[in-house]
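Heads up: the protein sequence lines correspond to chains A and B, in order. For the first sequence, position 182 matches number 182 in our numbering, and the numbering has no gaps at all. For the second sequence, position 41 matches number 41 in our numbering, and the numbering has no gaps at all.
Just so you know, the hints here were simulated from the structure itself, not pulled from any lab data. Quick reminder that beta carbons are idealized off the backbone N, C-alpha and C, glycines included. Treat the hints with caution; some may be incorrect.
[As the list claims (entries may be wrong)] Below, computed lysine-lysine pairings styled on DSSO-like, alpha-carbon distance capped at 27 Å:
hint : chain 1 : residue 1 : chain 2 : residue 2
1    : A       : Lys131    : B       : Lys123
2    : A       : Lys139    : B       : Lys120
3    : A       : Lys139    : B       : Lys109
4    : A       : Lys72     : B       : Lys147
5    : B       : Lys123    : A       : Lys68
6    : A       : Lys183    : A       : Lys45
7    : B       : Lys13     : B       : Lys123
8    : A       : Lys71     : B       : Lys136
9    : A       : Lys66     : B       : Lys123
10   : A       : Lys9      : A       : Lys139
11   : A       : Lys66     : A       : Lys220
12   : A       : Lys220    : A       : Lys131
13   : A       : Lys139    : B       : Lys137
14   : A       : Lys71     : B       : Lys123
15   : B       : Lys137    : B       : Lys39
16   : A       : Lys139    : B       : Lys147
17   : A       : Lys82     : B       : Lys123
18   : A       : Lys139    : B       : Lys154
19   : B       : Lys147    : A       : Lys82
20   : B       : Lys164    : A       : Lys131
21   : A       : Lys139    : B       : Lys155
22   : B       : Lys137    : A       : Lys220
23   : B       : Lys120    : B       : Lys154
24   : B       : Lys154    : B       : Lys164
25   : B       : Lys169    : A       : Lys139
26   : A       : Lys131    : B       : Lys147
27   : A       : Lys72     : B       : Lys39
28   : B       : Lys169    : B       : Lys136
29   : B       : Lys39     : A       : Lys131
30   : B       : Lys13     : B       : Lys154
31   : A       : Lys183    : A       : Lys42
32   : A       : Lys45     : B       : Lys123
33   : A       : Lys183    : A       : Lys68
34   : B       : Lys120    : A       : Lys66
35   : A       : Lys68     : B       : Lys136
[Stated by the list, open to error] Chain A stretches covered by chain B per the calculated footprint, using a threshold of three residues with CB under 8 Å from any CB of chain B:
hint : segment
36   : 118-124
37   : 129-135
38   : 144-153
39   : 168-179
40   : 217-227
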Amino acid sequence: MKPIYNSAKEAVAGVQDGMTLMVGGFGLVGIPEQLILALVDKGVKDLTVISNNCGVDDWGLGLLLKNKQIKKMIGSYVGENKEFERQVISGEIEVELTPQGTLAEKIRAGGAGIPAFFTPAGVGTTVAEGKEVRVYDGKEYVLEEALRADYSFIRAAQADKFGNLIYNMTAQNFNPMMAAAGKITIAEVEEIVETGDLNPAQIHTPSIYVQGLFQAEQEKRIERLTTRS
Amino acid sequence: MNSREKIARRAEKEIENGNYVNLGIGIPTLVANFISPDKTVVLQSENGLLGIGPYPTEQEVNPDLINAGKETVTTIPGSAFFNSAESFAMIRGGHVDVAILGAMEVSEKGDLANWMIPGKMIKGMGGAMDLVHGAKKIIVIMDHCAKDGSAKIKKQCELPLTGKAVVNKIITERAMIEVTENGLELKEVFEGYSVQDIIDATEAELIINNVRENVSI
Chain A
1 MKPIYNSAKE AVAGVQDGMT LMVGGFGLVG IPEQLILALV DKGVKDLTVI SNNCGVDDWG
61 LGLLLKNKQI KKMIGSYVGE NKEFERQVIS GEIEVELTPQ GTLAEKIRAG GAGIPAFFTP
121 AGVGTTVAEG KEVRVYDGKE YVLEEALRAD YSFIRAAQAD KFGNLIYNMT AQNFNPMMAA
181 AGKITIAEVE EIVETGDLNP AQIHTPSIYV QGLFQAEQEK RIERLTTRS
Chain B
1 MNSREKIARR AEKEIENGNY VNLGIGIPTL VANFISPDKT VVLQSENGLL GIGPYPTEQE
61 VNPDLINAGK ETVTTIPGSA FFNSAESFAM IRGGHVDVAI LGAMEVSEKG DLANWMIPGK
121 MIKGMGGAMD LVHGAKKIIV IMDHCAKDGS AKIKKQCELP LTGKAVVNKI ITERAMIEVT
181 ENGLELKEVF EGYSVQDIID ATEAELIINN VRENVSI
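Please take these sequences and the hints and turn them into a complete structure.
Shown next, in the form of structure tokens:
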């Protein structure tokens, strides 16, 4: 019922220079690996990318960064990437750092038809500079505006052909809100099953938010392998 | 016991049976190692997990299961996964009992600076600015002084703030200090230090009233 693309290249075909993209994931967990690689191959430029992090030097969004395809990055933590640091210092990239909860809520609001909201996060800090602050019950809150995107590229564990999605463990993170906030949302999934094969009570993202599917093997690189002996 | 372990061990005493707790990256993460076996504590990870378990064995490693420090972890029985908006709703909504964070500076009004140093590369605040506004009790744990010996507990923070008037308690390797409406109240001085030592190592004014001295951890 939703288009199932045969290749990552086909799935990102509609992306043009200057567009705003949301990309799911926390660190390297839950990122749409193959769709990012396809964006690198496509070479689209001047992108505004909204994602919690910006990958590492040789994987995830770090690859788009290395290829100088990102004009502006909106995220909460970009500290794992040397190339990012270099581009910030040289002025090649614009960065908008947003508290993580505010970022999640801006994206949620964008997909939910809420243009702006008040949050306590960032009051009295540089984050609140130039923004309206209002007092409720004696406490200060700062006005933050919603975010939307031309495309959202997300990652899920399972999809049915309607486009209903189920995520695995902490690979859920920003993906569900981004699904709703993208004008067009493409989900890279590990497995596509027949419609009706997923338990409706277990669906994380209802199919209405998803415009296309792409099935791919995931490499799932681990950023910090930590084990106990 | 080194000073990091000492701080972590003292911080653990602030956690009550049944608490939901968020531990920041660095020394705060160590607190998990000292949680008493007679307390049931649920650790929250802001990337979408309630109920962080121990680090996995090599066989247990799952690349889709990490904590907010991006380390591979496990889950405890009774854990739950959720998205990032839900995660911060439970943080800002006041549902988390205790948040334990590291700091670069704390002021006498309870202002916290822990996310950037001007002139150095800005990495981002992650979830810290949200966390300091939601948890019922915000505990800062850190070395009492900076590496060069300068005070970290100041009249006013010089570094850019993470949050204004958000800290409830400061625990260092030398003392425990509460942030009150009247200012910073010195409550405990740990073994090996005197009240005067703490005053000398603290730039902010300290209220000295009913201090427990020579406290061993």
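Which numbered hints fail: Numbers 2, 4, 7, 8, 10, 12, 16, 22, 26, 27, 29, 35, 37, 38 - these are the hints that the structure violates, sorted from lowest upward.
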